[in-house]
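Novice: Read top to bottom, the protein sequences are chains A and B.
First residue of the first sequence: 75, per the numbering used here; consecutive thereafter.
First residue of the second sequence: 115, per the numbering used here; consecutive thereafter.
Label pairs and their computed distance ranges (CB to CB): (1) B:Leu515 - A:Glu119: 25 to 33 Å; (2) B:Leu515 - A:Glu141: 45 to 53 Å; (3) B:Lys422 - A:Phe191: 19 to 27 Å; (4) B:Ile392 - A:Glu295: 56 to 64 Å; (5) A:Asp156 - B:Ile371: 53 to 61 Å.
Just so you know, these hints were derived from the structure itself, not from any lab.
Backbone N, C-alpha and C fix where the C-beta goes; we use that ideal spot for every residue, glycine too.
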Amino acid sequence: MLGSNQETREIILFGYGKLGHRVYEMLSANFSNIIVADSREEAIERAKEDGVVTSFHIDMTDDTALEELGLNGKILFCSMDDMSLNIFLVLSLKSISTDSTIISVSTSAENTRKLKFIGADKVIDLYESSANRIVDIITRPAVTRVLDEIIYVDNGISIEEIEIPPNSFLESKYVYEIDFREYGLILIGITDKELGEDFIFVSRGINHKFDAGDILVLLGESTALEKFYTMLTERK
Amino acid sequence: MKRLLIKYLVAFSYFLESAPRYQRIKRFFNDLLNNDDYPYKKYFDLFMVAIILSSVTILVIDVREHVAAWLDYYDLYIVTSIFIVEYLLRLWVHDDMHKVIIAEYEESEFFEKPFKLSKVFKEIAAQKWAYIISVPALIDLVAILPSYREIRVLRVFVLFRAFKMLRYSKSLLQFFDILRSKRVELYTLVTLLAFFTLIASVMIYVFEGNGINPHIEGLFDAVYWALVTITTVGYGDIAPVTTEGRAVSMLIILTGIGAISFLTSIIVSAFSEKLPEIKETRVMNQIMKKRNLNLVCGYGKIGQLVSKKLQEAGENFLVIELDPAKVEKAELDGFNVLRADATKSATLLKLKLCDNVKSVICVTHDDIINVFITINARSLCKDVEIISRCSDKSVAKKLKLAGANHLIMPEEIAGLLGAVYIGQPVAFEALQAILTQKRTARIDEVEIKLGSFLDGATVGDFDFSSNRLVLLAVLKRLESSDRKSHYIIFNPAEETILKAGDILVVMGYSVSIADFKGRLEQSVRFKSRNA
Numbered sequence: 075m076l077g078s079n080q081e082t083r084e085i086i087l088f089g090y091g092k093l094g095h096r097v098y099e100m101l102s103a104n105f106s107n108i109i110v111a112d113s114r115e116e117a118i119e120r121a122k123e124d125g126v127v128t129s130f131h132i133d134m135t136d137d138t139a140l141e142e143l144g145l146n147g148k149i150l151f152c153s154m155d156d157m158s159l160n161i162f163l164v165l166s167l168k169s170i171s172t173d174s175t176i177i178s179v180s181t182s183a184e185n186t187r188k189l190k191f192i193g194a195d196k197v198i199d200l201y202e203s204s205a206n207r208i209v210d211i212i213t214r215p216a217v218t219r220v221l222d223e224i225i226y227v228d229n230g231i232s233i234e235e236i237e238i239p240p241n242s243f244l245e246s247k248y249v250y251e252i253d254f255r256e257y258g259l260i261l262i263g264i265t266d267k268e269l270g271e272d273f274i275f276v277s278r279g280i281n282h283k284f285d286a287g288d289i290l291v292l293l294g295e296s297t298a299l300e301k302f303y304t305m306l307t308e309r310k
Numbered sequence: 115m116k117r118l119l120i121k122y123l124v125a126f127s128y129f130l131e132s133a134p135r136y137q138r139i140k141r142f143f144n145d146l147l148n149n150d151d152y153p154y155k156k157y158f159d160l161f162m163v164a165i166i167l168s169s170v171t172i173l174v175i176d177v178r179e180h181v182a183a184w185l186d187y188y189d190l191y192i193v194t195s196i197f198i199v200e201y202l203l204r205l206w207v208h209d210d211m212h213k214v215i216i217a218e219y220e221e222s223e224f225f226e227k228p229f230k231l232s233k234v235f236k237e238i239a240a241q242k243w244a245y246i247i248s249v250p251a252l253i254d255l256v257a258i259l260p261s262y263r264e265i266r267v268l269r270v271f272v273l274f275r276a277f278k279m280l281r282y283s284k285s286l287l288q289f290f291d292i293l294r295s296k297r298v299e300l301y302t303l304v305t306l307l308a309f310f311t312l313i314a315s316v317m318i319y320v321f322e323g324n325g326i327n328p329h330i331e332g333l334f335d336a337v338y339w340a341l342v343t344i345t346t347v348g349y350g351d352i353a354p355v356t357t358e359g360r361a362v363s364m365l366i367i368l369t370g371i372g373a374i375s376f377l378t379s380i381i382v383s384a385f386s387e388k389l390p391e392i393k394e395t396r397v398m399n400q401i402m403k404k405r406n407l408n409l410v411c412g413y414g415k416i417g418q419l420v421s422k423k424l425q426e427a428g429e430n431f432l433v434i435e436l437d438p439a440k441v442e443k444a445e446l447d448g449f450n451v452l453r454a455d456a457t458k459s460a461t462l463l464k465l466k467l468c469d470n471v472k473s474v475i476c477v478t479h480d481d482i483i484n485v486f487i488t489i490n491a492r493s494l495c496k497d498v499e500i501i502s503r504c505s506d507k508s509v510a511k512k513l514k515l516a517g518a519n520h521l522i523m524p525e526e527i528a529g530l531l532g533a534v535y536i537g538q539p540v541a542f543e544a545l546q547a548i549l550t551q552k553r554t555a556r557i558d559e560v561e562i563k564l565g566s567f568l569d570g571a572t573v574g575d576f577d578f579s580s581n582r583l584v585l586l587a588v589l590k591r592l593e594s595s596d597r598k599s600h601y602i603i604f605n606p607a608e609e610t611i612l613k614a615g616d617i618l619v620v621m622g623y624s625v626s627i628a629d630f631k632g633r634l635e636q637s638v639r640f641k642s643r644n645a
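Chain A extracted, bound-state conformation (with noise of 0.2 Å):
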């Protein structure tokens, strides 16, 4: 995200058996701050061989060990391969740290169900989310394309979202005065402040006044979207 600093928070992955491993994967293609806890010696081996620099082998049932790691203001993201053991330590980390972001992953819409019910902030359904993606394949071949080529592939579009800054060009102005194409950019929503933390989609045809704190989701080229939020930090 442009314009904040969450990219810097540290990550705690939870679980490196089969499925925490290719969450490592993922995430460290984007992130080079995280550390890895499991309570299996050979998943910690297993990590270090892989290039991981920090990783704990913790008793995941065990609270103090947990409280020991640090928890607070981190993202926890949990991908343990036992669900049971992956719902039971989500709840052991609500109930120790109060201001960390917990993300589980989840294998049926029972299990989700449950990891929401105990407070996770995030649950990724593996299996819904495949299944999302095989019909999107099917039923919308040309939007699974587009949105394809913004996640996956690396050709520079992406979706940012950017945090209006004080006393930018943009303040007090209205969506419809702005006009996102001159700056390269698609404009796919915002969070208004002044009415709490919906997301908003412009296609729904409010005129929403800009404020600082806002947030842009904006699509487009990672250079106009950079040059995009210099130019909010600069110009007034």
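Once you have looked at the hints, place chain B on chain A.
Specialist: Positioned in the frame of chain A, the structure of chain B alone reads:
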């Protein structure tokens, strides 16, 4: 003289063998009469059923009342003629006479021995005779008989016209197939029953046929009584009067109950054995009518979710699964399911992979099976879309080599989604909402049809934003390439020219997208009317 005859016969046979028109005509009639996949057979069948029903109705009415003369003529000449023509056609298409002649001629040439006319005739006769004495052919023949009204008893054969309907109904035919599968048991039972009936009737005749029982006047009465008793029907119009007669009665009543329960069990077991087959036929019949079929191979976790979502999206699909427990689950969930092995080419060929199938989705829990299904499908058809699941990276390469168009790796998707969420939580929620279509905003694709108002226009000609739409990208078809390949222009400039076949990817709320699609649709109709 005989040499000349043979010469002409052989020449004529070769002529038929090489005459495309003759072959075409014969194939047409064979398709019409025997090929269930032939689309026009359905109409022929309906026509024949209508003819039969009309004929049976006329004959039934005729029993007590007098029908109009023209109806009688219709029945006598038209229906009978149609039946005769049908009978002869079936006899004709049953096999090829000229092939027998050619085979014999070539054999005689090869071994340098004389061509034997008698052998050829014998073989042809044997082939035709085999058809004539087959049950359906006999029914056909007997069904022609009721036209000889002069012989009253032949009217009974009106029934055979009803039997003839069997030919035109698959499910009725299936019933006889099922019984045929148990013919050994049924034959045993019938023999047994005949034996007991014979014994019982002879015994009752010996005991009571000498005038003691006024109802038994001959052996026929005795047989009638025995059969009525042994089948547990027991009208009671003939009852034994002597102690010996009653003892015989008691014995054959017990035997009869045994025989009837035996019969019931045979039929029930035959049906339960054939049930999967009947279901399969039904599923196949339903599914083969549909085009653009998606095959969901494997009904595990992903298979189940995919099936559900495909149904919601209104796509045609068929689940293919080997595990009986999963097959049952799919049936309970209300999906079309075929119990078959998708790694076998016979399965995919049966489903007409190249003609009917849009995509093959390999989502079994086993990577290796997914690879096999992919290889199987790709080797049979080079155009079909193959989506395959795998969890191992090394398998992913193999799947690509095997010809999968898309790979689905659940763990990778999870990692990726996690990464996107950590980096950009708001954008992630937005994408998630778009992808799952849970909220009303969604991304959709709109193809520009030939002659619609955007065909030949530029992007700037349509004000997307005032129509509450966001144009994300245009997929332009590659020149001189197949339908499927496009290149993407993100955020297209105002002056980008749009052409028929281009696909617009727009974001908006369902209503806006529907409205936009509707407008495009309408403009096509308007133009074509004025053209």
